[in-house]
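Chains U and L are the protein sequences, given in the same order.
Under my numbering, the letters of the first sequence match residues 1 to 277, in that order.
Under my numbering, the letters of the second sequence match residues 1001 to 1249, in that order.
Treat the hints as calculated values from the structure; they're not laboratory data.
A couple of the hints might just be wrong.
To be verified - Some chain L residues well away from chain U (every beta-carbon gap over 10 Å; in silico):
no.: 1; residue: Tyr1058
no.: 2; residue: Glu1109
no.: 3; residue: Glu1183
no.: 4; residue: Lys1191
no.: 5; residue: Tyr1223
Stated by the list, open to error - Distance condition first, Cα-Cα at most 30 Å in a straight line; then the derived DSSO-like pairs of lysine-lysine:
no.: 6; chain 1: L; residue 1: Lys1232; chain 2: L; residue 2: Lys1039
no.: 7; chain 1: U; residue 1: Lys230; chain 2: U; residue 2: Lys51
no.: 8; chain 1: L; residue 1: Lys1138; chain 2: U; residue 2: Lys65
no.: 9; chain 1: L; residue 1: Lys1059; chain 2: L; residue 2: Lys1191
no.: 10; chain 1: U; residue 1: Lys115; chain 2: L; residue 2: Lys1108
no.: 11; chain 1: L; residue 1: Lys1065; chain 2: L; residue 2: Lys1108
no.: 12; chain 1: L; residue 1: Lys1211; chain 2: L; residue 2: Lys1142
no.: 13; chain 1: U; residue 1: Lys65; chain 2: L; residue 2: Lys1108
no.: 14; chain 1: L; residue 1: Lys1065; chain 2: L; residue 2: Lys1226
What the hints assert, rightly or not - Interface residues of chain L toward chain U, partial, derived using beta-carbon atoms under 10 Å:
no.: 15; residue: Ser1104
no.: 16; residue: Lys1108
no.: 17; residue: Asn1112
no.: 18; residue: Tyr1113
no.: 19; residue: Thr1115
no.: 20; residue: Arg1116
no.: 21; residue: Asn1139
On a predicted model such as this, the values are computed, not experimentally measured, just so you know.
Glycine included, each C-beta is placed from N, C-alpha and C at the ideal position.
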Amino acid sequence: MFRNQYDTDVTTWSPTGRLFQVEYAMEAVKQGSAAIGLRSRSHVVLACVNKAQSELSSHQRKIFKVDDHIGVAIAGLTADGRVLSRYMRSESINHSFTYESPLSVGRLVVRLADKAQVCTQRSWKRPYGVGLLVGGLDESGAHLYYNCPSGNYFEYQAFAIGSRSQAAKTYLERRYESFQESSREDLIKDAIMAIRETLQGETLKSSLCTVSVLGVEEPFHFLDQESIQKVIDTFEKVPEEEEDAGEGEAEPEAAPVAAGTGEQGGSGDQDVAPMEM
Amino acid sequence: MTFTIQIENGTEVRNAEADSQRTLYPYVTGTSVVAIKYKDGILMASDMGGSYGSTLRYKNVERMKAIGKHSLLGASGEISDFQEILRYLDELTLNDNMWDDGNSLGPKEVHNYLTRVMYNRRNKFNPLWNTLVLGGVKNGEKYLGMVSMIGVSFEDNHVATGFGNHLARPILRDEWREDLSFEEGVKLLEKCMRVLLYRDRSAINKLQIAKMTEEGVTVSEPYSLKTFWEFKAFTNPTVGAEGSWLYDN
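Using the sequences and the accompanying hints, generate a full structural model.
What follows is the structure in structure tokens.
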């Protein structure tokens, strides 16, 4: 990005009507590792790529449970993300306490957006450097929202944020029309395949991604490594054949592979981590 | 909102203004409210009396009000506190409507909100001197609950306040059924209200019955119950009593 004389603090407009600090905050989101969300009529899936700083460290948590019916995936400054998740949990639980009823996602998202907006209009604050994919279920159905550091929020059928999210978005754009009526399993598979797009060539392993699901009669929870690996195995035969399986976002290709999962799973996956058992 | 001005006079400390800001006793009170679930929703009955101690002073007090689209609130106890509660709920429903997002407060949410308010006030030793009955229907689900002035709250198929608990609920325990029709429900409530009219000295013979269904709330016009006072025991109450000179021949 370019430096100029209007970008020092957030309360300074540029002559072309831009708030550069806010835009720089949105850049921070683009630098974080990818997070993806999709929704159907009854379920919302949030998935993200786990990138650890080094081999010695563990990966950062990017998906948080806000309540049984709401989850959030973040990209960008994870510290800011944690703080906002805590805020969301607090709002949700306060509402539940007073009304004994789950807070509707739309209202939570608006409060979050208003909180972010405040930081774009105070000279002693800075915008939150994190983008949030908020997925949840309420009486008007399943919802997926994206909250921006700018204080804007949008509702999506499917979205991806973070580095190399464009590849995932391209994949999702091709497939999104089927999501509304998708089954839970297909939705999860689509999420993992979208994650794979962001890896761009790297082998897809369950250790690299975190997937969470919530839906009607299914409170928010994370999928364990085994379940994720099982889904991966349905469309990844062997690491070398990745390119061929990549073309198969056409369902007919995936179906016969799923039938043969039992044999494929055992064959030559030397890269599979010991936890896969 | 409560200010304590301590005036020290030797060993005595008096809180001059503090007490005038707390509810210590009720002044204008309403008597029982009775409510039942029936086939299509909720039926609630209350009379229109506001007593000033033992005087039946106000005879046109509406003690049942619709809240939002899905709830009905009935109150007994201090009328001014009931009006205060209606103001709280007004604010609540207004803010809810302002969201304009397709979500709306159901009876369960209103009931829990009221429980929080009542309990909170009780903890500050400044209660809202009411027992509230909250009923409603949302998305086909019927809800009926009660909150007392100390914050005790629960749900049931039939509830009553005050004297209604002692006189009406035994009748309801015997005769209430899951699938009462509207007419049967009204008859049952009238039976309860009649007993209350005979036996509760603060009851007046002018009542309203409110109906809450998925379609909405309707509060009936005030009307009176037929009463019969020619029972032998009423005409000559002391016949056969210990020490009386009247005998039943």
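The hints, checked one at a time:
1. Tyr1058: holds, 33 Å
2. Glu1109: The assertion about Glu1109/L is violated, with a minimum of 4 Å to chain U.
3. Glu1183: At about 33 Å from chain U, Glu1183/L clears the 10 Å cut-off, so the statement holds.
4. Lys1191: Holds: least Cβ distance 33 Å, greater than 10 Å.
5. Tyr1223: holds, 36 Å
6. Lys1232/L to Lys1039/L: Violated, at about 39 Å.
7. Lys230/U to Lys51/U: Holds, at roughly 21 Å.
8. Lys1138/L to Lys65/U: holds, 28 Å
9. Lys1059/L to Lys1191/L: Measuring from Cα to Cα gives roughly 21 Å; hence the hint holds.
10. Lys115/U to Lys1108/L: holds, 29 Å
11. Lys1065/L to Lys1108/L: Holds, at about 16 Å.
12. Lys1211/L to Lys1142/L: holds, 12 Å
13. Lys65/U to Lys1108/L: holds, 25 Å
14. Lys1065/L to Lys1226/L: Measuring from Cα to Cα gives roughly 25 Å; hence the hint holds.
15. Ser1104: holds, 9 Å
16. Lys1108: Nearest chain U Cβ about 6 Å off; hint holds.
17. Asn1112: Holds. Min distance 4 Å.
18. Tyr1113: Tyr1113/L check passes; min Cβ-Cβ to chain U is 6 Å, inside 10 Å.
19. Thr1115: Result: holds, 9 Å to nearest chain U Cβ.
20. Arg1116: With a closest approach of 5 Å, the Arg1116/L hint holds.
21. Asn1139: holds, 8 Å
Violated hints, in rising order: 2, 6; the structure is consistent with all others.
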